[in-house]
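Chains L and U, in that order, give the protein sequences. Using our numbering, the first residue of the first sequence is number 17, and each one after it goes up by one. Using our numbering, the first residue of the second sequence is number 394, and each one after it goes up by one.
In case anyone wonders, no lab produced these hints; they're calculated from the structure. Treat the hints with care, since some could be wrong.
[To be verified] Here are the computed lysine-lysine pairs in the DSS-like style, where the Cα-Cα straight-line distance is at most 27 Å:
1. U:Lys-416 with U:Lys-433
2. L:Lys-144 with L:Lys-107
3. L:Lys-163 with L:Lys-144
4. L:Lys-215 with U:Lys-681
5. L:Lys-261 with U:Lys-416
6. L:Lys-261 with U:Lys-681
The lines below spell out each chain.
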Amino acid sequence: MAEPILKVEHLKVEFDTRRGILVAVDDVSFDILPGEVFGIVGESGAGKSLTGQSIIGLLEPPGRLGTGRILLKGQRIDNLPYEQMRRIRGKSIGMIFQDPLTSLNPLYTIGKQLVETIQTHSYMAAQKARQHAISLLDEVGIPAAEKRIDHYPHQFSGGMRQRVVIALALCANPSLIIADEPTTALDVSIQAQIIALLKRLCKEHDTAVILITHDMGVIAEISDRVAVMYAGRLVEVGDVRAVVKHAQHPYAKGLMGSIPSLHHKADQLTQIDGSMPRLTEIPQGCAFHPRCPHSMDRCRQERPDLMNTATTRVACWLFDT
Amino acid sequence: METKTKSSENINNIPLLRAIGLKRYFDVSKPLLNRLLEGKPRMILKAVSGVDFEITRGETYALVGESGCGKSTVANLVVGLHAPTQGNIEFDGIDMTAATNQAEIKRLRRRIAMIFQDPYASLNPRWRVEAIVSEPIRAFGLIKGSRAISERTGHLLTQVGLSAADGEKYPHEFSGGQRQRISIARALASEPDFIVCDEPTSALDVSVQAQILNLMKGLQNTLDLTYLFISHDLAVVRHMAHRIGVMYLGRLCETGPADAIFSNPVHPYTRLMLETIPDIEMAGKQRKPMAGEIPNPIDPPPGCAFHPRCPLAEDICRRDSPHLQAENENHWVACHVTGKK
Chain L
17 MAEPILKVEH LKVEFDTRRG ILVAVDDVSF DILPGEVFGI VGESGAGKSL
67 TGQSIIGLLE PPGRLGTGRI LLKGQRIDNL PYEQMRRIRG KSIGMIFQDP
117 LTSLNPLYTI GKQLVETIQT HSYMAAQKAR QHAISLLDEV GIPAAEKRID
167 HYPHQFSGGM RQRVVIALAL CANPSLIIAD EPTTALDVSI QAQIIALLKR
217 LCKEHDTAVI LITHDMGVIA EISDRVAVMY AGRLVEVGDV RAVVKHAQHP
267 YAKGLMGSIP SLHHKADQLT QIDGSMPRLT EIPQGCAFHP RCPHSMDRCR
317 QERPDLMNTA TTRVACWLFD T
Chain U
394 METKTKSSEN INNIPLLRAI GLKRYFDVSK PLLNRLLEGK PRMILKAVSG
444 VDFEITRGET YALVGESGCG KSTVANLVVG LHAPTQGNIE FDGIDMTAAT
494 NQAEIKRLRR RIAMIFQDPY ASLNPRWRVE AIVSEPIRAF GLIKGSRAIS
544 ERTGHLLTQV GLSAADGEKY PHEFSGGQRQ RISIARALAS EPDFIVCDEP
594 TSALDVSVQA QILNLMKGLQ NTLDLTYLFI SHDLAVVRHM AHRIGVMYLG
644 RLCETGPADA IFSNPVHPYT RLMLETIPDI EMAGKQRKPM AGEIPNPIDP
694 PPGCAFHPRC PLAEDICRRD SPHLQAENEN HWVACHVTGK K
């Protein structure tokens, strides 16, 4: 097996509040292999975006890293000083945000933004950087790239803007891209275009991607492996097919069942009653136990770690052998 | 009065709601002086340009389409938040756009309710839930006496899966899904038979969406409701709708029974949409996404609005706008190429 490009070990993200410390991401560990698309799904408030932000070092106060380590190609990056982290960000790890309009500066042409990013990470003459920018725009499927490079972000449509953002993320040819809800703000037909583009680019550049989304369809479409998060914890990690088709954890199972399908019609969708607990009220033991149909005494007292099952790794006492 | 007796006699034959040649244009031009000085022409945004559909009692009719296709404008036209530029809306055999009798209009309005997309913006944050839910009751004077009203509100809240005591609280004390339940309780307060649901679950997480969709289906069965369901999510529509209308740039391009549309889509746009949507069933499938983008409705392409993105476009598509033709009894398609000649 290849050496993982990114290792996240026992990551904890905490918020200091007047009422004590809130743990938003609680003991999350996973590895990313080179060229792999790793999906993180969960509902809002599950901590998936915070996980992404802490990897790239963009956690905003009052959020802070608690315990845990993040290793990029074997080197710790969670405790680097700001300037050093800044050099890694963009160069080794690219980022794609949800809203393409807010991640581009409206006052500069996209060419200027691309050239700036390219020159930040490599010594390249302005003219050469511009050529590189044009070829990147071409690669992400922007028609007439040579003309469009001098346009401002508002002159692009939502889908085109997201392509520009992807080009920006690819500027320094990073080995890992963190894509936080890259298709959520787009229409379905445009969404399909962007997914296909991401898929093709990762394959061509051998870039690993952490894809953070709430849309299981997108995950099923492009990921190799997927992690399901609930209340700041990983509840199930495994091969995408195994998780989507045969989820083991009661929450993951319920989540998959609650998604209406295009292909067959059910009278009723599976329903998980209740809602995800607030950070202030995360129950003891397994965070899902108050909503779980199979909860046992043990679930109320002890928190399960990820355990191996036949197909996936699941944090549930049902699978303790 | 005559129309009324007629409608109650053949309940199944007369559609509950019928939209005929519905059009709504918005004037988005600059002010007159700017136009004169800059020599700019008037700009008209054709949000809905000629839509016909019928909704039978007890069914769910869904309008699907991408942003800017005019589906929400249709919803607003149906509930009367916009007046149509042209065309008619008949409710239970009565033309609402032509009705002038205020009392009559009020009677019709009571029977139509709406659920909005954003459960955070559609509830007044300064009102208690009880006041929000009972507003239609008070507005239409359905029940007299505050005790009777609060009893009814409590009943409505339990009906949507909240508790009667929740009436004392304010909207901010509830989660998104619970707020949408409050919206539904408010919509049910005037005992409507027709509810327009404008993207009721698109602001919600999937597991909460499942709760709300199940609730809406249950209510439809127990209260015999008719829904006009607006959504961009084809999977949700498949789950909810009996019949579907697919909209593209202000027009219906295909309409028919949900099963027919999903098993045998005819219009190229519907086909491409169904083929390209990411879906959990089809992990790993290779597919070719639809090229191009949605055109600007201020300046739509001539002929069939879909032709610039359509792989099958022929000359006629660039010239003439296709009309809905019957593919078979209930299934209608507006396409020169794939539709019946």
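For this session: Starting from Lys-215 of chain L, check that the Cα of Lys-681 of chain U is at most 27 Å away, please.
Result: holds, 12 Å
Exercise. Does Lys-416 of chain U lie within 27 Å of Lys-261 of chain L when you go C-alpha to C-alpha?
Worked result: violated, 45 Å
Problem set entry | Given pair status - Lys-107 of chain L, Lys-144 of chain L, alpha carbons within 27 Å | Distance ~18 Å between Lys-144 of chain L and Lys-107 of chain L Cα, so the pair holds.
Exercise. Taking 27 Å as the top limit, are the C-alpha atoms of Lys-416 of chain U and Lys-433 of chain U close enough?
Worked result: holds, 25 Å
Exercise. For the pair supplied as a hint, Lys-261 of chain L and Lys-681 of chain U, is the alpha-carbon distance within the 27 Å limit?
Worked result: With Cα atoms ~23 Å apart, Lys-261 of chain L and Lys-681 of chain U stay inside 27 Å; holds.
For this session: For the pair supplied as a hint, Lys-163 of chain L and Lys-144 of chain L, confirm whether the alpha-carbon distance does not exceed 27 Å.
Result: holds, 16 Å
Going through the hint list in order, the structure does not satisfy hint 5, though it satisfies all others.
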